[in-house]
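Asker: One-letter residues, chain by chain:
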Amino acid sequence: MKAVSLTSVRVFFTAILILSVTAGTHAATEGEKLFTLKVQPLFSEKCNGCHGDDREKIKGEFDMLTRESLLAGGEYFGKDVLQPGNSAGSALIETVKWLDPDWEMPPKENDRLTEEQIALLEKWIDLGAPWADEEKQSAIREEEAKKEVTDEGIIVPTSGGLGDEWTYRRYQPEDVWAFMPMEKPEVPEESDHPIDAFLQAKLSEAGIDPAPEADPLTLIRRATYDLTGLPPTPEAVSAFRSAWKDNADLAWKGLIDELLASSHYGERWAQHWFDVARYADTGGMSNDYERSNAWRYRDYVIRAFNEDRPYNQFVIEQLAGDELADRSVEERLGPDKIHSTRISGDYTPEETEKLIATGFLRMGPYDDAMVKKPEARQIYLDDVVNSVGQTFLATTMRCFKCHDHKFDPLPTRDYYRMTAAFATTQLAERPAPFLEQESLEGIDEGRAFVQGMLDFATAEKDKLVTKRENAARAWYQENNRDYLPLEERKSLPDEEKPPRHVGLNIVEQGQLKVREQDVWIWTRRLERYEPMVQSVYNGLSGKGNARSLRIAPKKESSAEIKSFILTGGALEAPGEEVTPGVISALGIPSASDENEDLYALPTSVEGRRLKLAQWIANPANPLTARAFVNRVWQQHFGQAIAGNPNNFGVKGKKPTHPELLDWLASDFVENGWTLKRMHRLIMTSEAYRQASHHPQREELAVKDAENALLAYFPTRRLTAEELRDTTLAITGELKEARGGLPVMPEINMEVALQPRMIQFSLAPAYQPDATPERRNRRTIYAYKVRGMADPFLELFNRPNPNDSCEMRDSAAVSPQAFTLMNSDQITDRSIAFAHRLMQQSSSPDEKIREAFLTAFGREPAPVELARLNTYLADMTEYHEGIHPDRPEYPEEITRTLVEEFSGEPFDYTEILPAFENYVPDLKAADVDADTRALADLCLLLFNSNEFVYLY
Amino acid sequence: MNPNMLSPSRRSFLYGLGSSLGSLALTDILAKEAASPLAVKQPMHPAKAKNVIMLFMEGGPSHVDTFDPKPKLQELHKTESRSTAGLANGFRFYVGSPFGSRKVGNSGIEMSDQWVHMADPEVADELCNYRGCQAESLNHPEALFHMNTGSRLGADPALGSWATYGLGSSNQNLPGFVVMTEAALPQGGSTNWSNGFLPAHYQGTRLRPEGSPILDLQSQAFKSREHQRRALDEMAFLNQKHAAANPQHEDLAARMENYELAYRMQTEVPGVVDIESEPEHVKELYGLDQKETETFGRQCLMARRMVEKGVRFVQIFSGGWDSHDYLERGHSSRIRSVDKGMAGLIKDLKQRGMLEDTLVIWCGEFGRTPDNNKRGGVYSLGRGHNVDAMTMLFAGGGVKKGTIVGATDELGAEAVDCVHPIRDVHCTILHLLGLDDNKLTYFHAGRYKQLSQFGGQIIPELIG
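Going down the list, the protein sequences come from chains A and B. Each residue of the first sequence is one higher than the last, beginning at 10 in the numbering used here. Each residue of the second sequence is one higher than the last, beginning at 46 in the numbering used here.
One chain only, chain A, in its complex shape (with noise of 0.2 Å):
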């Protein structure tokens, strides 16, 4: 078993080095195991899939599989290819270096040749390339697997890849890190804070002094957008300052504890669970078909954050709290009421807040249109498997989908006995009462808006039907045959029923189509205001399609389901069986000792999840907790310890620190996994409160140019959502929200109305709230629709919700510029803010002085208020005798539509009533040029560095 510690190992490796030269197998000579150990399996690994393995298609007519064939050569090099004792006059050695632009082999830069394997391949080539037989070589791995370590590293103990060279091949334990168990390190000396301790160590280490402390202002408006992803309000700075004065260490902790009991920290801290999770209001793919109630789940995080629920249970109940939910209803009730209460939807608000957890497991993109059943379900196991795996423990789980994996102690088959884990998981929209903590504000308004775009629909759908419907009777009546009406005429012969569309010319048969989809996508969205949740459950198969799932109203019998390691990962090539299993190169058991398969979950219908969970939420774990605070490091620094959130693998970036970021998963784990002593922890370092400048900068360019080690404090843009944010909180339009229902945001006026194909149709049009109290919140309630991006914040880089980010894009590119300069939100926010100012402030001196502090947080330099008062003057004069236009909001749009089986474009109508009764934000039209000129130097503000960067 493998009891191998990272520091045991290290210890004695480079005694192993050296042994392990000398010791062997008797028979087997160095050349032999060499072959066996190093050459076969880097053939293996990177030349023989051209070259041996499909005996259909050797590239080149050159086959490495036996000695024979690959001294032959091939098709070009011939005998050149390989001589025996001569690896200098060898083809082979030429082309693995690259030297020659025509013939570098193997041809993928992913794929390259070390140094040092181009070098074992020129011993083995000058050593005369001996070839163990089979026999020999399993007896020299045999041999070989009983050495806890050599040179080539440390075997970590799997359930067992597809052949032996894979599972008896070593490791360099520096790169498996996340693999082996963690241990709590000794905290060093060079601080009291540990964090402090840890990194300072590194520094003096590289000779680097650690940047000196940050400004006041720059700390608040720091800890503030890190807590809250909210701006600190010029009184909370100015309060901030006179605390900083008086005593800076309880001003400090006094601050971040003011900021950890916002409730703004659980909306800014669930955007990033939701980067990695997926969140949207969509399923995406062909229908993007609305997920009603996803906002529960959304929600829950929030509440979970603010709640400061423990990381180990926030696990557990994404993961299994249906589980946990039927096991509650099965102690309340007894067993034989578990089914029906999936049905009826009775569950104790307890209950119901684990239903919505699952939502997790309902994130990705999903849509089973035109896609074969076992397909679609493979493609959901293979998106939700990746997802947990990418999510809890940091693995990239579809990189061995298809094979043992390339670089990591994970077997292909551990992907499959992680996915039987689910085989049993099915997807619905389940009821489950609303909890007193949810918001159900604008359900009934919502509802009666819904319902008048249904009525809408339905009415024109049914003019176009009765013409049709009168049709066919004429139809009827010339051929003297009785009325049928459309569904039972559908099957019967042509010549015995009127032609299909008849009654109905092109554009009319077009227009039908339409308002028939119409028809069900309103109904389907009134789905919205009913009290269901988007969750799972376990059974043998799902009702219904990604259009509606539902609970299977029969409980099933208890059949088996098998499930199997998919060959190459094809559908179509099940092969050895498995059953449900967690990843076994943890070490970490998932079962009881009297199991014989020490990682195997249960194979009953019931119960896989909750026990994956619990193996996932065990502290023994050293993936879940090093995952976990990994992402959260990252977030306070802009860079994580280990480069890679997603993937700790191999091939991962490795960790800058790998003794802190083992320390503080420890002392997450040891504390209660609880989330709020952990930012506590962090920013109380000196580390956290550093500047972001350091004084030795040219020295730094060449001792950490990357400013790994943390010698000052990273620059960081603010997010999509923060900017948004920003600019409606200090306008002083940013509406305070409990959730609920999913707000609907001026969005790009053109983008909202603009067509965008789903199956069949086009999709309805965007219309944002009526009203400012609903459109004008927070963007992390913001309706979010996978086929739709919000144009403004997809420039500014709010990921692609299809899928997991691991760590936000920043770049600038040129359109952020259009949109921050131009576009009528940002004009609406330059307004308001004005206006603001307006009514705050009299002298010129006073708005600009104002604006400054509201938006930077600081006072402006008098060079700064000299030439901005000369460009208030300026553009007073300007904005003089101009009168902006007032915008008008269309309540009804013609779009036109090719229609997708006959090619002929069409036109049809579609109603707008949330622009009805809109009340719109204050406009340009609205003021004055005083007020206008004021508005163009609020837009300079946020359009400045200063603004959009945090130091």
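Worth double-checking, as some hints may not be accurate.
[As the list claims (entries may be wrong)] Below, a list of computed lysine-lysine pairs in the BS3-like style, where the Cα atoms sit at most 25 Å apart:
| no. | chain 1 | residue 1 | chain 2 | residue 2 |
| --- | --- | --- | --- | --- |
| 1 | B | K419 | A | K476 |
| 2 | A | K660 | B | K484 |
| 3 | A | K68 | B | K445 |
| 4 | A | K381 | B | K86 |
Think of the hints as simulated: they come from the structure by calculation, not from any bench.
Following the hints, complete the assembly by docking chain B onto the known chain A.
Answerer: Okay, now just chain B, sitting in the frame of chain A:
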């Protein structure tokens, strides 16, 4: 990556002069000195094509009724089909093409008789018709994602993103990767031209067919261009002061430069889009004189103008090819709408000597089946989705001229000769651009990612 190659003192000097020097002089100096992420990069091997114009027929054009005629189907018309393609179940029957076909040009390429302008020998003899490609996904968005990004999942960079990442773009005042669609976005929307995990500079920029070509390109109507210039100068003042206080922050200059680039684009983009300056005979060549060919023709002409101005990759989406029913009406109207524009584009490029290094691609996300099922109880004359066979056209950019590569079976149900998956087509396109898919990689989430996902082959038969 960082355009901030100027020393701080030089930078402040330049920005200080912003308003008096005028934006052009200032930004010219900056552009020359800055290493923009879109700066031109040398190809990995000698390139045959410099630019790409990709005409994407959304919905899945029928190969059998466009460029891969199957006379045998006419004989089997409305007889029961034994084919099991796609999601087909229940009674299926063969559908003969409603169109005749003929061999055209000196090369004798076959096409349906609906193609009038493409049949002109001057155009037809430039074409390379590839019939061996196979897709994987039966549904539109997944199949669109696959053809456009190399992955069905809809999260990876588009072909155009990879091309601009590999080669940059020679006009820094225009986006390097431009996308044009009809009024309606194709299924899957902007994911089809997303930069995926590549930096945002390589994202496709959609030029909108109506309204402002780029969202919010121009300032609000009540603000003049001088007003905008003044705002930028005031901002430069604020930013310059800020940069002086934060000398370690390297992103600042890049962001300032982006505002200047945006300002230049405000004049450059409308210039490219405005085709009024084109002579009448050119407009007519692209079919701008007829209502049904005007939309697509206009986009083709804009594509030529953009490539001329140095845009690396232009993609045009044209929808409506999903003919499950009314095949005759549907496909003939779709063919009519693109025929003249496509042919005009190829002719025009040729006349200007641009075809040699501009690769024109015509394709859809998959082909169509030779048979159909009944709809609403009647024999509906249309075709289903087919991932096993499709047709593609290439022209210019170093592809073999006047030739047919690969073949489908007698009925067009399945590709049988020179069969390749989409990734091989992608590798071949990159190869023509002087890029090697195996070396055009980007390290993301612990792995060197590439367009073909796991590597693919070049299709040598397509290369001239």
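Asker: Which hints, by number, does the structure contradict?
Answerer: Number 4 only.
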